[in-house]
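Chains as they are written, first to last, in numbering that gives the first Met the number 0: chain A, 0 to 308; chain B, 0 to 437.
Fair warning: there could be bad hints in the mix.
[To be verified] With beta-carbon atoms standing in for the labels, derived distance ranges:
{"#": "1", "chain 1": "B", "residue 1": "Leu432", "chain 2": "A", "residue 2": "Gly34", "range": "54 to 64 Å"}
{"#": "2", "chain 1": "A", "residue 1": "Asn19", "chain 2": "B", "residue 2": "His10", "range": "32 to 42 Å"}
{"#": "3", "chain 1": "B", "residue 1": "Glu394", "chain 2": "A", "residue 2": "Gly202", "range": "31 to 41 Å"}
The set of hints was computed from the structure by calculation and includes no laboratory data.
Note that the Cβ used here is the ideal one computed from N, Cα and C, for glycine as well.
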Amino acid sequence: MNTIRKVSSTPHVRGKVTTNHLMLAVVTALLPACGYGIYNFGNRALWIILITVASAVLTELFYELLCKRPVTIGDFSAVVTGLLLALNLPVSVPWWICVVGGIFAILVVKMLFGGLGQNFMNPAFGARCFLLISFTSLMTNFECDAYTGPTPLALLKSGETANVYDMILGRCNGTIGETSMIAIILGACFLLLLGVIDLRVPGSYIVSFVILLGMFGPAGFDFNYIVAHLAGGGMMLGAFFMATDYVTRPVTVNGQYVYGMILGLLTFFFRIYGSSAEGVSYAIIIGNLLVPLIEKITRPRAFGIRRKM
Amino acid sequence: MTRSTFVGGIHPYEGKELSKDKPIQDILPKNDLVYPLSQHIGAPAVPLVKPGDKVLVGQKIAEAGGFVSACICSAVSGTVKAIEQRRVVTGDMVSSIVIENDHQYEEKEIEKPRPLEDLSREEIITYIKEAGIVGMGGAGFPTHVKLSVKEPEKIEYVIVNCAECEPYLTSDYRRMVEEPDKIIQGLQVVLSLFPNAKGILAIEDNKQDCIELFKEKTVDEPRILVKKLKTKYPQGAERSLIYAVTKRKLDSTRLPADVGCVVNNADTIVAVCQAVIHGRPLMERIVTITGDAIKEPGNFRVKIGTNYSELIEAAGGFKSEPEKIISGGPMMGFGIFETDLPTTKTASALVCLTRDEVSLLEPTACINCGRCLEVCPARLMPNKLSDFSAKHKEEEFLNYYGMECVECGCCSYVCPAKRYLAQNIKSMRKLMLGKKKK
Ligand code: SF4
Ligand code: SF4
Chain A
0 MNTIRKVSST PHVRGKVTTN HLMLAVVTAL LPACGYGIYN FGNRALWIIL
50 ITVASAVLTE LFYELLCKRP VTIGDFSAVV TGLLLALNLP VSVPWWICVV
100 GGIFAILVVK MLFGGLGQNF MNPAFGARCF LLISFTSLMT NFECDAYTGP
150 TPLALLKSGE TANVYDMILG RCNGTIGETS MIAIILGACF LLLLGVIDLR
200 VPGSYIVSFV ILLGMFGPAG FDFNYIVAHL AGGGMMLGAF FMATDYVTRP
250 VTVNGQYVYG MILGLLTFFF RIYGSSAEGV SYAIIIGNLL VPLIEKITRP
300 RAFGIRRKM
Chain B
0 MTRSTFVGGI HPYEGKELSK DKPIQDILPK NDLVYPLSQH IGAPAVPLVK
50 PGDKVLVGQK IAEAGGFVSA CICSAVSGTV KAIEQRRVVT GDMVSSIVIE
100 NDHQYEEKEI EKPRPLEDLS REEIITYIKE AGIVGMGGAG FPTHVKLSVK
150 EPEKIEYVIV NCAECEPYLT SDYRRMVEEP DKIIQGLQVV LSLFPNAKGI
200 LAIEDNKQDC IELFKEKTVD EPRILVKKLK TKYPQGAERS LIYAVTKRKL
250 DSTRLPADVG CVVNNADTIV AVCQAVIHGR PLMERIVTIT GDAIKEPGNF
300 RVKIGTNYSE LIEAAGGFKS EPEKIISGGP MMGFGIFETD LPTTKTASAL
350 VCLTRDEVSL LEPTACINCG RCLEVCPARL MPNKLSDFSA KHKEEEFLNY
400 YGMECVECGC CSYVCPAKRY LAQNIKSMRK LMLGKKKK
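Next up, chain A with everything else stripped away, as it sits in the complex (with noise of 0.2 Å):
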């Protein structure tokens, strides 16, 4: 009767969910844009997934072998970063790129920062800011088999109109995962309804964007061009995929509402006033850097304590 059971502090129970499962749910959340992106640009997409997917795990397998950390590859993690990276190439750049690609923003971003939870930047984005600033040309090649055309976002700015409903459907040019809202929007309901994220970053972001683009953009309230801004340049992907990474998005309540409200402005800047369609990717890598501000800002007030008089 005497054996030593085990002991331990309170709680004695714990919830299911686990990182693993979490990062999982993303991991599935993706694919609906990777197919489409595999359908819309051909076997050369896949090939560019499965390349930055898999320099993204290696690397971090290699590192924490080199540095005889425990290995980590088991919470999916890099593969969401390695997805999302790949999903914002275009499809037409070199193998090499693809690996660059998944060494810095494995290596660089996230590992030498101390890994999971101590980036303070997107990886996936970092790296292809990175990869945009080192070799522009070939991260702005949209020539490809598929299409020929320019992204709708570079014909809206030089002043002509796009097709909405292919931009919606996805049938137009730009990064392999960024073309389909729809496939982009079933992931995100998926993760929505499961609630890994939740609306507060993705719906101010987006609500103040088309605020900004409606009062003070070029063509004001104009359907097709707010839906067009909407669908095109990254801008779903980044709303629900990469500004609701938890690592770089404040965990404050309130703070999450400022730091969507911010993306909204960056990316109305960067879009209106900036010389590339990038506005997206740029927004979101500025909004990581000011989180920690953000959430001291937004600090929460405990229950109950009264305000100072």
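Following the hints, put chain B with the ligands in place on chain A, whose structure we already have.
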């Protein structure tokens, strides 16, 4: 009827079906009874007996050791065997009175109190005090102190906590089903202390039958209302409960009385009824013995002081070897490593599990998901607080309201990275509380 609730909280696996429909069984102690002198909040009780003395059922064996303290009464007749150090559920050794049971149950002469209407405020409180009643939900705060508020006419709500939000526990539920009149009588006693108060029976909506039952029983009681609460943990935590019932918010520096509330748990209210109406001190309580390692889970009326091993025996013993035994509920109870421990006034359950979920889990890196913030009933940032605790940053800990934590464990429960959030915060709080006292 709308369901009242608070912000945050979790929905753990309830496990109540194991013992929910098992009527309360009486068990009599076979061996010695052990009464730790410190089984309440406040100063330890002072023994009134010495080894060799003969005691009777209901005899006071230890006197309250101060204003915030409670006396202890024997639940059996027999001889005082020793006053010595015994282990209690927290793992500490506590000076305890050991009584050898003579199995005669010779009662001390009980003088039946006069009817409630004729009793003065002071008399009622004295009865409660002499009965050694403390908060039986787990906290163990002496009830007579709780009820001695400075301005009784300012109390607007007397809330009976029938939430029983901890998983597995069904002792309050059985009480409500089997002895609803005692709860109502007890509430009437407390209400008689507070002329302007309404009595509220706060019940979670997973106990719909009790809600109906009490509504029926209190139709003619204008001062007693039944309030339906959403089933959610920690609905029964004092501050959450007050908010759910009255929408009044309370931080750790204030008492329920400051917002016109008095909260007592259902079992405590029954003890009050026993003391003031029948003149019987607190000698027994209902304990739920349950978990997947127990052969016949059930609810038992147990003499306080009975050894835990006897309770497990009464429930048919183990069906398989438990890996973990918890005294109290799985969210806030104590993990115990032996069963040679006495039942105290605050022991609501023994949960015996074949598998210890927690020791299998490796904490991993925080992914900043925000789940801990969402569930925290105190609206804190457990991720940050736990970090500050681990790094021992006192100032930041206080700035982020660490002392407001109610130690409910919700944050640890939901954390997908399985971090020891509540555990870290708890140890830091303990440290800081210790410092404050100095
Ligand atoms: S920080 Fe404290 S009050 Fe908040 S969930 Fe954790 S244990 Fe409960
Ligand atoms: S629940 Fe766990 S992983 Fe999520 S923010 Fe809190 S501590 Fe971090």
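Hints, one by one, checked against the model:
no., hint, result
1, Leu432(B) to Gly34(A): 54 to 64 Å, "56 Å, holds"
2, Asn19(A) to His10(B): 32 to 42 Å, "21 Å, violated"
3, Glu394(B) to Gly202(A): 31 to 41 Å, "36 Å, holds"
When held up to the earlier numbered hints, the structure conflicts with hint 2 and nothing else.
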